[in-house]
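Student: Guided by the hints, dock chain B with the ligands onto chain A, whose structure is given.
Respectively, the protein sequence lines represent chains A and B.
Counting from 149, one number per residue, gives the positions in the first sequence under the numbering used here.
Counting from 590, one number per residue, gives the positions in the second sequence under the numbering used here.
Please keep in mind that the hints were generated in silico from the structure rather than gathered at the bench.
Nothing here was measured: the structure is a model prediction, and the numbers come from that model.
Take these hints with a grain of salt, some might be off.
[To be verified] As a list, the in silico BS3-like pairs of lysine-lysine whose alpha-carbon atoms are at most 30 Å apart:
no.: 1; chain 1: A; residue 1: K630; chain 2: B; residue 2: K717
no.: 2; chain 1: A; residue 1: K164; chain 2: B; residue 2: K662
no.: 3; chain 1: A; residue 1: K164; chain 2: B; residue 2: K608
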Amino acid sequence: MLRGLRSYLREARSQKGMFLLSAIFWIFFIVFLIYPISYTFYRSFFVGGKFTLSMYKLMFSDSTYYGLIINSLKLATITTVLTFLIGFPLAFAMVRYEFPLKGTLQSLMLLPFIVPPFVSAIGMMKILGTYGSLNTLLLRLGIIHEPVNWLGSGFPAIVLMQVLHLYPIMYLNIAAALANIDPTLEEAAQALGASGLRLIRTVVIPLSMPGIFAGASIVFIWSFTDLGTPLMFFYPKLVSVQIFKYSTEFRTNVMAYVLIVVVLLIVTAIFLGMKLVIGRKSYAMMGRGHVAPKVRRISGAKGWLLAGAIVVLLLISVLPHISVALLAFAKVGSWYKSLVPTAFTLDNFRNIRALESTEHTLTSIKNSLYYSLFAMLIDIALGVGIAYYVNRSRLPDRHPIDALTMWPLALPGIIIAFGYLAAFHFPILDAWRNPVPLLIVAYAIRRMPYSVRAISAGMQQVHAAFEEAAQSVGAHPLRAVKDIVLPLIVANVLAAGVLVYAESMIEVSASLILAAKPEQFPMTKTIYVLHTMPQGSDYVASAMGLILMLVIGASMVLSSRIMGRRMGEIFKV
Amino acid sequence: MRLRLEGVRKFFGDFEALKGISFEVDHGELFFILGPSGCGKTTTLRVIAGFYIPDEGRVYFDDRDVTFTPPYKRNIGMVFQYYALWPHMTVYDNVAYGLKIRGLPEREIRERVRWALELVKLEEHAKKYPNQLSGGQQQRVALARALVVEPQILLLDEPLSNLDAKLRIEMREEIKRLQNRLKITTVYVTHDQMEALSMADRIAVMNDGLIMQIGTPVELYRKPRNRFVASFIGEINMFEGELVGREGDFAVVELDGNTVKGVPTAEIPHSRVAVAFRPEAASVVKEGGGGNVLEGEVESSMYYGSKETVFVKTDFGMVKVEMFNPRGRVARRGERVRVVFDPSDTIVLP
Ligand SMILES: Nc1ncnc2c1ncn2[C@@H]1O[C@H](COP(=O)(O)OP(=O)(O)OP(=O)(O)O)[C@@H](O)[C@H]1O
Ligand SMILES: [Mg+2]
Numbered sequence: 149m150l151r152g153l154r155s156y157l158r159e160a161r162s163q164k165g166m167f168l169l170s171a172i173f174w175i176f177f178i179v180f181l182i183y184p185i186s187y188t189f190y191r192s193f194f195v196g197g198k199f200t201l202s203m204y205k206l207m208f209s210d211s212t213y214y215g216l217i218i219n220s221l222k223l224a225t226i227t228t229v230l231t232f233l234i235g236f237p238l239a240f241a242m243v244r245y246e247f248p249l250k251g252t253l254q255s256l257m258l259l260p261f262i263v264p265p266f267v268s269a270i271g272m273m274k275i276l277g278t279y280g281s282l283n284t285l286l287l288r289l290g291i292i293h294e295p296v297n298w299l300g301s302g303f304p305a306i307v308l309m310q311v312l313h314l315y316p317i318m319y320l321n322i323a324a325a326l327a328n329i330d331p332t333l334e335e336a337a338q339a340l341g342a343s344g345l346r347l348i349r350t351v352v353i354p355l356s357m358p359g360i361f362a363g364a365s366i367v368f369i370w371s372f373t374d375l376g377t378p379l380m381f382f383y384p385k386l387v388s389v390q391i392f393k394y395s396t397e398f399r400t401n402v403m404a405y406v407l408i409v410v411v412l413l414i415v416t417a418i419f420l421g422m423k424l425v426i427g428r429k430s431y432a433m434m435g436r437g438h439v440a441p442k443v444r445r446i447s448g449a450k451g452w453l454l455a456g457a458i459v460v461l462l463l464i465s466v467l468p469h470i471s472v473a474l475l476a477f478a479k480v481g482s483w484y485k486s487l488v489p490t491a492f493t494l495d496n497f498r499n500i501r502a503l504e505s506t507e508h509t510l511t512s513i514k515n516s517l518y519y520s521l522f523a524m525l526i527d528i529a530l531g532v533g534i535a536y537y538v539n540r541s542r543l544p545d546r547h548p549i550d551a552l553t554m555w556p557l558a559l560p561g562i563i564i565a566f567g568y569l570a571a572f573h574f575p576i577l578d579a580w581r582n583p584v585p586l587l588i589v590a591y592a593i594r595r596m597p598y599s600v601r602a603i604s605a606g607m608q609q610v611h612a613a614f615e616e617a618a619q620s621v622g623a624h625p626l627r628a629v630k631d632i633v634l635p636l637i638v639a640n641v642l643a644a645g646v647l648v649y650a651e652s653m654i655e656v657s658a659s660l661i662l663a664a665k666p667e668q669f670p671m672t673k674t675i676y677v678l679h680t681m682p683q684g685s686d687y688v689a690s691a692m693g694l695i696l697m698l699v700i701g702a703s704m705v706l707s708s709r710i711m712g713r714r715m716g717e718i719f720k721v
Numbered sequence: 590m591r592l593r594l595e596g597v598r599k600f601f602g603d604f605e606a607l608k609g610i611s612f613e614v615d616h617g618e619l620f621f622i623l624g625p626s627g628c629g630k631t632t633t634l635r636v637i638a639g640f641y642i643p644d645e646g647r648v649y650f651d652d653r654d655v656t657f658t659p660p661y662k663r664n665i666g667m668v669f670q671y672y673a674l675w676p677h678m679t680v681y682d683n684v685a686y687g688l689k690i691r692g693l694p695e696r697e698i699r700e701r702v703r704w705a706l707e708l709v710k711l712e713e714h715a716k717k718y719p720n721q722l723s724g725g726q727q728q729r730v731a732l733a734r735a736l737v738v739e740p741q742i743l744l745l746d747e748p749l750s751n752l753d754a755k756l757r758i759e760m761r762e763e764i765k766r767l768q769n770r771l772k773i774t775t776v777y778v779t780h781d782q783m784e785a786l787s788m789a790d791r792i793a794v795m796n797d798g799l800i801m802q803i804g805t806p807v808e809l810y811r812k813p814r815n816r817f818v819a820s821f822i823g824e825i826n827m828f829e830g831e832l833v834g835r836e837g838d839f840a841v842v843e844l845d846g847n848t849v850k851g852v853p854t855a856e857i858p859h860s861r862v863a864v865a866f867r868p869e870a871a872s873v874v875k876e877g878g879g880g881n882v883l884e885g886e887v888e889s890s891m892y893y894g895s896k897e898t899v900f901v902k903t904d905f906g907m908v909k910v911e912m913f914n915p916r917g918r919v920a921r922r923g924e925r926v927r928v929v930f931d932p933s934d935t936i937v938l939p
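Chain A on its own, in the form it takes in the complex (with noise of 0.2 Å):
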């Protein structure tokens, strides 16, 4: 024990440099992590000072509460099944099946997660609105006469647009346990005369559990804790909707809190839930990676069948896309009644600056490209540094370290911006005062994960032994790393900017949740903002949509193409 800790004082003392850079990301960590999360704890539990479950007791005793918990839960389970329907018939298609296009396919296969469901939901409402383009089309045919409201609630579109935006990421994670699934169980299974479904069911789902878990338990997250799809689709029966209206009374309502608290436990429990049964299932599967999967040609008729049906579940998701673009350039008031807008102009794009005096359109368009710019710094300094230190440093707090990092990953944003608001008010951080700080702070902190990710996988590329060899012939260790370290992980750090700099102009809760004044507004808080005034501001909406669609598209574009296949790995749990 003694000499344990002697030799960490002598190891830190040989790796000063590494106890300097523990010391700043424990500071950050525990400033924009640790310190609001607890504070949302600590406010959900004492009220006026003094310790009380009562709040708790009201919440689950109360069904306008526990409701909106149930009524979440729901979504995110029904959200989690269907994605699950449609994302394992195309992983086991895409990995067991060699067919026409199938190359095409797979490389098109993230496409709708790209853009979030927060701003293709108005293009979705042209299409299924009462006077949207399904019902003309229906009328026209004859198959109807009186328009239905296919929206009905809400609900149904939100679970909708959630599906079609979040298949992908269950495909990508039940590809890849499909694809390390040792073919010779298969072969042995067969051999006892399992064949067809009965295979599935007893050999591949149970083999392909890790994946599914993997995926599920995203998806379910995602969906649980999303706030901007039923903002648009005006739904207030959710948790996310509750908490961030009570987001402009945290100082009084203790219930926000609570709902926070109840949301990050169910979270919490799942994530860990399903990094148990990730870690169990895993060492069950044999000679992991090391196999190639059998992959059965299907041509003809069949095949041009299967890839047709990937092309129509591809169209599908990136419908409401192409619709917001189409919005984009409608004359306003021109969609309506009809299958697609009857007149186009410009006029949405020069609306933008025509709005600024009311709206701040232009200026938020401007605020995003900032507020992006300074999350992009900050997760490029954090990567490379956390990247560098769990890789390299001997110190024992790399894995504490790791797991922070990883922490976001399981942090609904809705949380994180609401601790900020409701924690930070020094001179220096005053959530209220000046968002603008905290604001990229919170964009920086949620695609934390994907960032050192990206440049970790960049990191293990580069031996210890290269640094070493610099510092022996005389290079300091920091410039070693100049030198040597960072070179060789460039394209690494330049795909992770470009994803951090587009997921943060297309971030939702935190946006709107601590984005208070019309100034400072981040786009996506615009478009939301035009979205619930009078008819004809969506189209301005739709144009700053789409102005955010050609970004981030851009960047995925960028980014892949410096990280190449490795791409799939970052949105990975």
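Tutor: Below, chain B with the ligands alone, put in the same frame as chain A:
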């Protein structure tokens, strides 16, 4: 530059990788650290380089205590097992890097890089990237990179272990030649005993975090001071026996009814001893023979042209005998023979 380690201990968590290492390397000496995998060779080298700070003990360069000096201030040259050439730099830039760090003028850098590349015969490859070179060439670049900064101490960690057998032998001579020419204090880590025996001025044999013996190749081969060194270096026949007396410089040992004589190489604290002799120090005869004699039956015999290898089964175990330049087959399977070996070629170990 002289190098001295004094009582160096190093822990990794609770695991003690170095359990008190002391040795001294003379100026210009080619010093080897030889030992089985995991015995702590690399750890020792990294302590010398400054990548590890020992938990106890000291490291001196001449009389300067460098125990806490960081690697970049030690003026060492190091060749890594996998060379660690920087993939984004050309051969020239790899070699020039240490000089650029030192802020030398461009002209001098050019001259010294050329000198170093000539030294390892790679002048024509200056513009290539490491992945365009063969293993042997990469190895030479690593050597040039380490030598160009005129280090006071050169450290090599299994530099040849990634080369094929033929190249390895070529590079042995090359490194030996360079070291001789530059007269640079060198510590060379290997687990290949042939490499150590053929190149070293002196060798430290390590096992399990301890140094078992330090000596010249001849000393280690002819006069190992313990059973580990005796059996780790070269092949040896070794049997348990009981010390029964002394005869001048010789110890007399009772081996299951046979009495043999041998030279003790270390203090012998108790009467349980081991008697050992090399296969090539013994010969097999049908009858007669002087010195030490053991009787047995031929188990197998193989003829290789340059030598004949005979395994003889005795009462206390198998004896291997190698006879060089055989004029004909000496022994046949099943024959009763006598293994004879000189007492002065026989060692007695505690
Ligand atoms: N950073 C480390 N952390 C924990 N244990 C270590 C570390 N480095 C080495 N060890 C342990 O210390 C012992 C000595 O390691 P070392 O690398 O010095 O062996 P070696 O003699 O160079 O072996 P090899 O011939 O295989 O290279 C080994 O048991 C190894 O597992
Ligand atoms: Mg080693």
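Student: None of the hints should be skipped; say for each whether it holds.
Tutor: Status of each hint after checking the structure:
Distance hint between A/K630 and B/K717 is fulfilled; the C-alpha atoms sit about 22 Å from each other, no more than 30 Å. Distance hint between A/K164 and B/K662 is fulfilled; the C-alpha atoms sit about 15 Å from each other, no more than 30 Å. Simply put, A/K164 and B/K608 have alpha-carbon atoms about 25 Å apart, close enough for the 30 Å limit, and the pair holds.
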